[in-house]
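Colleague: Given next are the chains, with one letter for each unit.
Protein chains: 2
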Amino acid sequence: MRDFDEHNITQAVIDRFAATPDPRLKRVMTSLVSHLHDFIRDIEPSFAEWQAAVGYLTRTGQMCDDKRQEFILLSDTLGASMLVDAINHRMPAGATETTVLGPFFIDGAAAFANGADLAKGVEGETLFVEATVMSAAGAPLAGATVDVWQSDAEGFYDVQRPERDEHALRGRLRTDAAGKIWFRTIQPAAYPIPYDGPVGDMLRATNRHPWRPAHVHFMIAAAGYETLVTHVFVAGDEYLDSDAVFGVKNSLVTEFTRHQSGTLPDGAPIATPWRHLSYQFGLKPSADKGAKHD
Amino acid sequence: MRDFDEHNITQAVIDRFAATPDPRLKRVMTSLVSHLHDFIRDIEPSFAEWQAAVGYLTRTGQMCDDKRQEFILLSDTLGASMLVDAINHRMPAGATETTVLGPFFIDGAAAFANGADLAKGVEGETLFVEATVMSAAGAPLAGATVDVWQSDAEGFYDVQRPERDEHALRGRLRTDAAGKIWFRTIQPAAYPIPYDGPVGDMLRATNRHPWRPAHVHFMIAAAGYETLVTHVFVAGDEYLDSDAVFGVKNSLVTEFTRHQSGTLPDGAPIATPWRHLSYQFGLKPSADKGAKHD
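Top line first, the protein sequences correspond to chains A and B.
In terms of the numbering used here, the first sequence has 115 at position 6, counting the first letter as 1, and numbering is strictly consecutive.
In terms of the numbering used here, the second sequence has 262 at position 153, counting the first letter as 1, and numbering is strictly consecutive.
Next comes chain A alone, as it looks inside the complex (with noise of 0.2 Å):
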């Protein structure tokens, strides 16, 4: 076929790729194709546009690095990375919500027994962590490995601190008998995505703001139940109802709760303010067959 114009080329690129041997990457070619070619009939780009969008997408892919996935902060601040969640978590009751994995977890963090500082000699307010791990259906799970991973109180992760030589403020733990964890770390802060990119040109551009409301990162994974990505988001921030990456649920909102000096959970005496946060994970059956295409 030739002479293809604006309106008979999309079923001939569809029709090319008629001979896909996977009938599922034949599927999501032909809806690319179809979606692709509607977005572009419906903004009818100038050459001068299409010319600046492959430049916008080819310095979003040079940005990345071992530290660094401009791509997935681009999937996540136009709501796609949300949407995917979403997908593929259609909730039974108990379970607990899902978020966006973000760009700053990183796989094989060091293991902490319970009661251990996650700080690491990083400043900052006091912040003492209890957690229960259930299933959906309310019984405690023992053995379960639970992933942490937050910023420090200047908003900033390890991996965005150069100077420092090792990880701070993540870790693994691993639920007792009863299903629980707890460690010390310190309250985290409010913070901007990395903006010195082509997400933060985007992002100026349509006069957004990158930030993020203060949380904590959760990564639980049990046999026999699916994996939980989450955050747990402190109660009364202000970026709440406006958070760059669309990540918010309600559910995930709690009171990080603010005590004067005294004793901390574990018994240990703390002179200075400190904050306390509990919180109950549910954990979704893995029989459940919510996620696609897996």
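Treat the hints with care, since some could be wrong.
Copies of one chain are not kept apart here, so a pair can be met inside one copy or by any two copies together.
Below, simulated EDC-like cross-link-like pairs (lysine to aspartate or glutamate); rule was C-alpha separation at most 16 Å, straight line [what the hints assert, rightly or not]:
no. : residue 1 : residue 2
1   : Lys289    : Glu234
2   : Lys176    : Asp274
3   : Lys135    : Glu158
4   : Lys135    : Asp124
5   : Lys229    : Asp174
6   : Lys229    : Glu153
7   : Lys358    : Asp112
8   : Lys229    : Glu272
9   : Lys358    : Glu115
10  : Lys135    : Glu153
11  : Lys135    : Asp310
12  : Lys135    : Asp151
13  : Lys358    : Asp114
14  : Lys289    : Asp114
15  : Lys176    : Glu239
16  : Lys289    : Glu364
17  : Lys289    : Asp305
The hints are simulated quantities; they were obtained by calculation from the structure and are not laboratory data.
Following the hints, put chain B in place on chain A, whose structure we already have.
Modeller: The following block gives chain B in isolation, referenced to the frame of chain A:
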């Protein structure tokens, strides 16, 4: 707003672009979010699939350098470039049809006088090109700038030959008082688009071949006319009906007539077989508002 789900998140993200100062950018972002989310809802990607898509786009950006533009290749092979082209060139009678720029154009190629040999020693069957540049209404255009670029006899452009330290098979000519240019070169060959990157991965996974039928690129600029970007294709090429970038139009396919030795059109004797390309281009007046949003 919080508690986004797969049904309400699209409008929430569109609302976040409400304060975009530039109305065109606001229109583009609104359409992008709407079509991107529709695509996601249609295919319901798993997390692993979405991560694979992010990784694919990242590799595509990182494949680009000053001699390689993988995102243009991706746009070309998905038919997007030809769709943008079609939207920007709703042509009047007498005007030459347009096609993709492709990734091998170089701005500011060396100037040549009419009659010059653009092959600069590259081996191949001699091709003598004569072309006339007219207005769509049929008047010859003197002093038009004609950029020409093409592959060698093995299907490679000069920029794909790392051992070459100067350009070949490309250059800029100027039409004489009768609107004519003429030059010597060699017969171009069909060639595969570069397939050692993410675009090649996509073509392999979908059983598509990477070949483009043999052609010579032309970009023609004259004051008062829209710049014409097009190719002239070699009649009889086996890939005319399956061009990997959907760029073929019947009006751009012509005989590169083969002759046995004799005399070239400029009077020079030639002892070997040679080809003759004669083509007439028609330029669209720039007063015609065909291009979008420039």
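Colleague: If a hint holds in the structure, say so; if it does not, say that too.
Modeller: Structure-based check of each hint:
1. Proximity of Lys289 to Glu234 under the C-alpha cut-off of 16 Å is found in neither arrangement, the shortest distances being 23 Å within a copy and 79 Å between copies.
2. Within a single copy, Lys176 and Asp274 get their C-alpha atoms as close as 14 Å, which meets the 16 Å cut-off; across copies the closest is 37 Å, which misses it.
3. For the identical chains of this complex, Lys135 and Glu158 are inter-copy neighbours only, at 14 Å across copies versus 29 Å inside a copy, given an alpha-carbon limit of 16 Å.
4. For the homomeric pair Lys135 and Asp124, the shortest alpha-carbon distance inside one copy (10 Å) is at most 16 Å, but the shortest distance between copies (33 Å) is not.
5. Neither within a single protomer nor between protomers do Lys229 and Asp174 lie at most 16 Å apart by alpha-carbon distance, with minima of 26 Å and 42 Å respectively.
6. Proximity of Lys229 and Glu153 under a CA criterion of 16 Å is satisfied in neither setting, with 54 Å inside one chain copy and 41 Å between copies.
7. For the identical chains of this complex, Lys358 and Asp112 are inter-copy neighbours only, at 4 Å across copies versus 50 Å inside a copy, given an alpha-carbon limit of 16 Å.
8. In this homomeric assembly, Lys229 and Glu272 come within 16 Å of each other (Cα to Cα) only inside a single copy, at 15 Å, whereas the closest approach across copies is 54 Å.
9. With identical chains, the CA atoms of Lys358 and Glu115 are at most 16 Å apart between copies only, with a shortest distance of 13 Å across copies and 42 Å within one.
10. In this assembly of identical chains, Lys135 and Glu153 lie within 16 Å of each other by CA distance solely across copies; the values are 14 Å between and 26 Å within a copy.
11. With identical chains, the CA atoms of Lys135 and Asp310 are at most 16 Å apart between copies only, with a shortest distance of 14 Å across copies and 34 Å within one.
12. In this assembly of identical chains, the alpha carbons of Lys135 and Asp151 lie at most 16 Å apart only when taken from different copies (13 Å versus 24 Å within one copy).
13. With identical chains, the CA atoms of Lys358 and Asp114 are at most 16 Å apart between copies only, with a shortest distance of 9 Å across copies and 45 Å within one.
14. Taking CA atoms no more than 16 Å apart as the test, Lys289 paired with Asp114 passes in neither setting, with 63 Å inside one copy and 30 Å between copies.
15. Taking CA atoms no more than 16 Å apart as the test, Lys176 paired with Glu239 passes in neither setting, with 29 Å inside one copy and 55 Å between copies.
16. Taking identical chains as interchangeable, the C-alpha atoms of Lys289 and Glu364 are never at most 16 Å apart, the minima being 19 Å within one chain and 79 Å between chains.
17. Proximity of Lys289 to Asp305 under the C-alpha cut-off of 16 Å is found in neither arrangement, the shortest distances being 40 Å within a copy and 50 Å between copies.
In terms of the numbered hints stated before, the structure departs from hints 1, 5, 6, 14, 15, 16, 17, listed from lowest to highest.
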